[in-house]
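Asks: So the chains spell out like this:
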Amino acid sequence: MKFFSLSYSCSLSYQLSTNFVSQNAINVNNLSFNWQINTPILDSCSFSIPQGEFWMLLGANGSGKSTLLNLLAGLLEPREGNIETIQPLGFVFQNPDRQLVMPTVGADIAFGLVRENLTYPETLARVREALNAVGLLDLQRRPIYALSGGQKQRIAIAGEIARNCQVLILDEPTALLDPDTQIELVQQVRTLVKERNLTALWVTHRLNELDYCDGAFLLERGKIGDRGDPQRLKRRLEKEEK
Amino acid sequence: MDLLRSLPIGLYLEHPVTWLHRLDPRVKLVWLLSFLITPVISNVNWRIVLALGAIAITLTARIPFRALRQQAGWLLIVCTIAFIVTCFVNDGLAISSQPRWPDSALAIAPATNYQYILLQVGRFHVTRHSLDLAINLSSILFVLIYSSSLYLLTTAPEEITAGLEDLMQPLRRLKIPVTEIALTLTLSLRFIPLVLEEIQNLFRSVTTRAINWKKLGLRQSFNLWLIVAERLLENLLMRAEQIAIAMEVRGFTSPDRHRVQWHQLRLGISDGVALGILVLFWWVRLVWGWAA
Ligand SMILES: Nc1ncnc2c1ncn2[C@@H]1O[C@H](COP(=O)(O)OP(=O)(O)OP(=O)(O)O)[C@@H](O)[C@H]1O
Ligand SMILES: [Mg+2]
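Residue numbers (the numbering used here), protein chains in the order written: chain A, 1 to 242; chain B, 1001 to 1292.
Derived from the structure by calculation, the hints contain no laboratory data. Please note: incorrect hints may appear among the correct ones.
Stated by the list, open to error - Pairwise CB distance ranges (calculated):
| hint | chain 1 | residue 1 | chain 2 | residue 2 | range |
| --- | --- | --- | --- | --- | --- |
| 1 | A | 30 | B | 1168 | 47 to 57 angstroms |
| 2 | A | 43 | B | 1230 | 30 to 40 angstroms |
| 3 | B | 1169 | A | 141 | 22 to 32 angstroms |
| 4 | A | 118 | B | 1287 | 46 to 56 angstroms |
| 5 | A | 43 | B | 1173 | 52 to 62 angstroms |
Unchecked claim - To give an idea of the interface, some chain B residues facing chain A are shown, with a C-beta separation under 8 angstroms as derived from the structure:
| hint | residue |
| --- | --- |
| 6 | 1157 |
| 7 | 1158 |
| 8 | 1251 |
As the list claims (entries may be wrong) - Okay, the calculated bits of chain A under chain B, using three or more residues with CB under 8 angstroms as the criterion:
| hint | segment |
| --- | --- |
| 9 | 100–106 |
| 10 | 112–124 |
Here the structure is a predicted model, which means the values were calculated and not measured. C-beta atoms are modelled at their ideal positions from N, C-alpha and C, and glycine is treated no differently.
So that you can see chain B by itself, here it is in the shape it has in the complex (with noise of 0.2 angstroms):
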């Protein structure tokens, strides 16, 4: 299962429990979209804010550093690499400057001390507008990523179904099998780690086996993939139609009735409170966060 566990995102931390556990999984799944939609046209300012405050609820709420060690390493990276990229690649204002006037003896004096080219390093350099977009792409990258993994981190699986689930309930009217819908999404959530494990078991099958590449040739290589994808997607099926069988076993009722009374939403006074600083929240992004 190392697969699984190198992945960066999506591991339910089940202990300690903290307060944004304690959240309701709906009020969390709201602020969760505020923080995804606001980054969208605005200023740096706000997407520093954003940072800055997604990494205060982290500190907070007490999430024990091992459990972000994994995801905030691998994500620090990311943006790091992002934010240098770039800052130094072209940045699309295809500027040489020129002189307007032939060169004389006489060296005007800058009025300011403004330079569109902040820093030279040999053929590369850094204007202002590349570190613009290197701060609002690194930014943007870290306040997406790491939002959803705090949301993933503290809200387990299927209380995210629930509360998607009821959110969705007015699409009931309209003829949408909602619970059906939720279900689905829940087991399938259970389903990823076990497509994970028959990857990996399939990976190593192959690697186990000493194949000479060279010696294949580039047609050989391509069938013996499909083959292994073709093996995949056996063991799949097979594995689905197990799992379906122990569901009928265990009691499984019907798709539209089967609404496993595990998480109750409920309501309660620090949801009030996190919806109350929400619209706090979405009234300073409208009146300041607006990019220029």
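One chain only, chain A, in its complex shape (with noise of 0.2 angstroms):
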């Protein structure tokens, strides 16, 4: 496996400190999926994704970003191929009224650590450290339908970053964002995957997200079409766009 020289310095000697060198957090092998016969969404598509970095996935409409995105998170099963993931993986989908189901901020990332069975102040902890890696915490206790809609998704995030989650996916969580707010949540999401030594894989539409991260993918025909270098592939698009 060969990856782009994207030597970020933090990322770069943590590897080398815990001999994770380049370790996958994301492997992807052969991936196949159809929703029809004959018709396949994916097509064996193989690709990793180095641990701790933040890479962005992109495409046209309907070229089955969410569809991989799904079969990442075990939403679908694969009809061939393998995909390895660091557990607990967490996701973010475009509309975050779909992902907050409790009535407040506080109860709703609460929501998330039940399965680990915590006394209330371990609870109380965890959920106020979450706030504060997305500069929320005076919010927790706001019902939710009184936040606006990036301090939704910050909270969507909080929520997977309670969890304890080492991998992140988000599926556009900027569409339904204002310009400020979307490129306020780029900087904040790449902030903690450095801080945290995360992974995050994100899809988008917008090319100026491009500027954030480690690395990109373009989905074309149910396969990686091209990778690599977040620029190259910016200045490739935006020449097709025209």
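Could you use the hints to bring the two separately framed chains together as a complex?
Replies: Right, dumping it as structure tokens:
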């Protein structure tokens, strides 16, 4: 497996010091999937994402990006091929209203922690830590309906961070946000990835978000059509758009 | 989301945290039930005491006016309308007073200044009985709505359901899935804003289409609304399914075990005090509060 040289000093030193040299957080091998017979959405698609990096996934409408993420999250069964990911894996949907299930912020984050059988003080500490990570500690008691779109999206991310997810996959999290909030969110996710040594796969249509990632894929006809330096991909797609 | 914001009740006030917020949700629930039950077959004095008591609680808790403005304004309007209407409409005691004696030149001075009809405005009059009814009705309306909305204002939705779940624990013996019921209730409290949003979106999509209702006729417009309702149901089911998927991804365990550890229910000193006052409250009601 060959990676493009996108060496960030922090992730590099981490990898060397813990002997995790080029360990991948996500490995996908020859993955195939189709909704209907004879129209494959994914056609022996293979890729991998190194641990501690922030990657983006691009592709035309209907190219199968959401399908791929659902497969990664285990919501769908692949027809062929296999997927290896570090667990736990967190999923952030395009529409946060679909993700946030409890009436207020704190309770919503606590929802994902039930499985671990924590005591009340432990839960509280985890929730506060996660809210602090996304910079929304003072919204702990707010009802979800009283949040803005960007805040909802950050709460959704905090919920996955509280669960100690090592891998985050985000399906067009900025699609419903205005340009300023959009850039804020990308920056925040980037900071989280770098500070906590997480791995993130982010689906997007907006090319300016490519400035913040470590690498990018292009999904075309069920395969990874192009991959590597985000700036090169950005230039290529901008040219194609014209 | 303006439909939601204009709703008169059920908005949780997260800030500032008042002493009402700090009371245990179960204690508050028992108090609320007392406020709802005691006005039944009680005298007017008791209801006025309740109304003033509810206002006194609001004042001592220093609940900011902005939180109450919308709800209180709406409530006052409803109560005033109820008061005025019941005052003036026929009081149901169908008496048209007729002198028992033929008119005589002798005017007998009344023994007291008692008068059944208190106020006469044209054809309408306020009688003693209708005034009684009006005070009864408007005070009961005020107490019921105001106390419920005070409760919802100072208790987070999942705190309410956690309290209910705890109070329902004995039902577990009867094999009633208490945790599941509480969780369902909590999730539905989150779902209500989504339903409202969905209704609003659909409503907008109809209104922005410049439909000529006059031309459409009754049958056609009925059909149109049927389509809208069908669409609404479809969207809501889709939303519910999406939420179910999200719950699965986010580590949902199983309906009877998924107890979200968010509100710790523990009775403190202030809860003890509140319960003590509650006993006194019931005692006063049972001794002095009965309707004549
Ligand atoms: N539940 C489903 N049943 C049948 N076909 C589906 C289903 N979901 C998606 N598809 C089809 O699979 C293809 C890929 O859809 P997918 O949602 O993965 O695309 P996408 O890349 O996420 O698109 P977008 O950029 O619009 O989000 C589309 O042609 C779509 O019609
Ligand atoms: Mg998609």
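Asks: Does 46 to 56 angstroms hold as the CB distance between residue 118 of chain A and residue 1287 of chain B, or does it fail?
Replies: holds, 49 angstroms
Asks: Is the listed coverage of the segment 100–106 of chain A by chain B valid when you require three or more residues with a beta carbon under 8 angstroms from a beta carbon of that chain?
Replies: Contact hint for the segment 100–106 of chain A vs chain B: holds, 6 residues under 8 angstroms.
Asks: Looking only at beta-carbon atoms, does the pair residue 43 of chain A, residue 1173 of chain B fall within the given range of 52 to 62 angstroms?
Replies: At roughly 57 angstroms between Cβ atoms, residue 1173 of chain B and residue 43 of chain A fall inside 52 to 62 angstroms, so the hint holds.
Asks: Would the stated hint for residue 1251 of chain B survive a check requiring a Cβ distance to chain A of less than 8 angstroms?
Replies: This interface hint holds because 5 angstroms falls under the 8 angstroms limit.
Asks: For the hint on residue 1157 of chain B, just tell me whether its beta-carbon gets within less than 8 angstroms of chain A.
Replies: This interface hint holds because 4 angstroms falls under the 8 angstroms limit.
Asks: Check the following: the C-beta atoms of residue 1169 of chain B and residue 141 of chain A are separated by a distance inside 22 to 32 angstroms.
Replies: Since residue 1169 of chain B and residue 141 of chain A have Cβ atoms about 26 angstroms apart, the given range 22 to 32 angstroms holds.
Asks: Could you see if the CB distance from residue 30 of chain A to residue 1168 of chain B stays within 47 to 57 angstroms?
Replies: holds, 52 angstroms
Asks: Taking 8 angstroms as the C-beta cutoff, is the stated coverage of the segment 112–124 of chain A by chain B satisfied by three or more residues?
Replies: holds (count 8)
Asks: Holds or violated: 30 to 40 angstroms for the Cβ distance of residue 43 of chain A and residue 1230 of chain B?
Replies: holds, 38 angstroms
Asks: Using Cβ atoms only, decide whether residue 1158 of chain B comes closer than 8 angstroms to chain A, and label the hint accordingly.
Replies: holds, 4 angstroms
Of the hints listed earlier, there is not a single one the structure fails to meet.
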